[in-house]
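Undergrad: Listed below, chain by chain, are the residues.
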Amino acid sequence: MDLVVINLIDGLFYGLLLFMLSSGLTLIFSMMGVLNFAHASFYMLGAYFAYQISQYIGFWPGLLFAPILVGIGGALIERYGLRRVHQYGHVPELIFTFGLALLIEELVKFFWGNNLMPYREPEILKFVLFSVGSNAVPAYKIFMIFTSMAIFLALLYVLTRTRIGMIIQAALSFPRTVEALGHNVPLVFMGVFGVGTALAGVAGVLAGPVLGTFPGMAFVLGSIVFVTIVIGGLGSLWGALVASLLLGWLTTFAASSSFAFSTLLEGIGMVRPEDMDESMLRDLWTLTLPQIGPILPYILMILILVLRPYGLFGKRDV
Amino acid sequence: MLKMTRLGVAAALALSVSATAVFAENIKIAFIDPLSGPFATTGTNGLAEYQFAADYFVNQKGGVGGRNFEIVGFDNKMDGKESLINLQVAIDQGVHYVVQGNSSGIAHAITDAVNKHNKRNPDSRVLFLNYSAVDPALTNEACNFWHFRFDANADIKMDALTDVIAANADIKKVYVIGQDYSFGKAVADAAVKMLGEKRSDVEIVGNELHPIGKVKDFTPYARKIVASGADAVITGNWGSDMVGLGKAIIEAGFTGPIYTYYAASNGITGTFGEAGVGKINLVSEGSLNPSANADVDAYVDAFEAKFPDHDIAQPRIANVVRMLAMAIEKAGDADDVVAVAKALEGMEADNFWGGKLMMRPQDHQIIQDVYVMQQAAGVKHKLDNSDYGLETAVKVENASADIATTCQMERP
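Going down the list, the protein sequences come from chains A and B. Mapped onto my numbering, the consecutive letters of the first sequence carry residue numbers 1 to 318. Mapped onto my numbering, the consecutive letters of the second sequence carry residue numbers 319 to 730.
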């Protein structure tokens, strides 16, 4: 029971981290139809910027300034890079963001090297908030959970309750009409791209101390973010939230379970062979759920694509 | 203009001629390891250690028989095929000595290729000095006369580690976790087998593999470890998998020791920081803290001064260079690799890091002191430019000197 509770908390933590990444990505996609391959790279930049800032003036200024820097960088890349490529269609855009991801990774290696960075949580949050059984829950994780929840609520408020949100939503479906009404739609796009990348930056700042700050961090998380928005439905903020939490709990529970596939085989009446080398199913006999836990999201994505191609909450096809 | 070009060509020719004249004197050692890509940190660090050791132990003392050591770096991109191409290029350049260490898979490919090459080309034979690939098979069923291993192999290290665990009466439950590939499995199998032999009362409360390089958040694994009531954890993880796992375990409230193979340097020590103190244990050779004598201190300080971004992460590299120089001196001719190999075989020498070295003649596995070290603050020789380093907790003298081997090598 203790393990279930602690896994719920851990899954929530991981799910919300995924959400901060996928919300930006899905916003950018719904706006401009661009699948931003470099999105996870902005997450990495957030972590590295925050680390660098924390070296001089501490963690908290890093939490504030690093995402702003990342957002400004993202907006500039949209203004001077993506917008120029946009007129040539989607494939050049994809290739542009793909190249950008490689470029950012190499730049990070160039400036900070291949080593892990000793980026750590602030001292003030370095204590055990409470324990479930013998398992400790660090205060930093709870702080992270609340921060990302706050970001989600703020985002939801801006998008649905404010004038800017209305213009953004209108520009989403009828960009030409909105333009005709005198709104600067390219500026809106640039802003959305900047905010989306800044959100990824926030995720990086918060996750860097927990998941490690190293040049491979974008690559490790990059694929799973795409899986999230495909499952949630491209362009849907609620979909991103639900899919993130779903994946968070799915991977957490899979990794901490001790389910072995041999029990399944025995359940259907098969007998464990004496000599494993001879058995056709030897891989299945020795396989456990934690071993394949990290690939479950991809299996889920394929199922979703087959059964419900527009995702859980999406309105359009992938 | 034309005159200028002619002059330039002549100058370049003259330079290249004189350059080859100088290089012909050098004893070239090919360093084949990853110098780019995700594993470049380990590779570039190793190359720096080799270059420094060659200068320090050989070139600054006038070389061996008047000839200097020259380390030639080859980037194998952590790929077997690439390594074999590198090997061929090195042989074509007249190299007689090859050093490699990262990944036992690549070491297998190289030792096999070297063996075949030496059979077919008796006049351009090469020696393979393996400084880090720890798969026991390399000095057992896959051994050959041309391969020498300067690191303690995985079984020797696990032997030392399980000795320490066996001697600690507080440890009653052990959790084994590792990456899902050959090395991770080898570590797990050795741990289970040796613990069973030494302390049958120790319970293995978990034996688990996770996908290599795919896990984003290790927290669920850590939760299970804590919930299992384990007193100690054994893992062969390296790189970001090591950091992720270690941090998650410590954050989950685990207070016992975590026994590892590779949890130091390359940013790992610095990242663990205070949290790793007393918890992260590492089995390795060559103790820096405490150091054996003032020579060691002088060497480490000189290295750190020359390469501030690198660490002495693989102390054995100093022994590779020293023992090769001694063997060449004894053989009298660096180009006669059979004589050098015979001199290396069974060679006994002082270990630069303290204790003795013995290259076992029957399988070419070096026997040396193995240490179980602990992350500690305020030590003399620190890692990663942080305040932390490794401090020896237990020393196992001449570890596993009598370990059995199935090696049957053909000698020329």
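Certain hints may be false.
[Claimed, not checked] Just so you have them, the derived chain A footprint on chain B, three or more residues with Cβ under 8 Å: (1) 367-373; (2) 562-569.
[To be verified] Facing chain B, a subset of chain A residues (Cβ under 10 Å, in silico): (3) L17; (4) I57; (5) G58; (6) F214; (7) F219.
[Said to hold, decoys possible] With the Cβ distance kept under 7 Å, some of the chain A side facing chain B (calculated, not the full set): (8) N115; (9) L116; (10) P118; (11) P122; (12) A136; (13) G212; (14) A260; (15) T263.
It is worth saying that the hints were derived from the structure and are not from the lab. Even glycine gets a Cβ: it sits at the ideal position worked out from N, Cα and C.
Undergrad: Next step is simple, just say for each hint if it's right about the structure.
TA: Results for each hint:
{"no.": "1", "hint": "367-373", "verdict": "violated (count 0)"}
{"no.": "2", "hint": "562-569", "verdict": "holds (count 3)"}
{"no.": "3", "hint": "L17", "verdict": "holds, 8 Å"}
{"no.": "4", "hint": "I57", "verdict": "violated, 19 Å"}
{"no.": "5", "hint": "G58", "verdict": "violated, 16 Å"}
{"no.": "6", "hint": "F214", "verdict": "holds, 6 Å"}
{"no.": "7", "hint": "F219", "verdict": "holds, 9 Å"}
{"no.": "8", "hint": "N115", "verdict": "holds, 3 Å"}
{"no.": "9", "hint": "L116", "verdict": "holds, 3 Å"}
{"no.": "10", "hint": "P118", "verdict": "holds, 4 Å"}
{"no.": "11", "hint": "P122", "verdict": "violated, 13 Å"}
{"no.": "12", "hint": "A136", "verdict": "holds, 3 Å"}
{"no.": "13", "hint": "G212", "verdict": "holds, 5 Å"}
{"no.": "14", "hint": "A260", "verdict": "violated, 11 Å"}
{"no.": "15", "hint": "T263", "verdict": "violated, 16 Å"}
Consistency with the previously given hints fails for numbers 1, 4, 5, 11, 14 and 15, ordered from lowest to highest.
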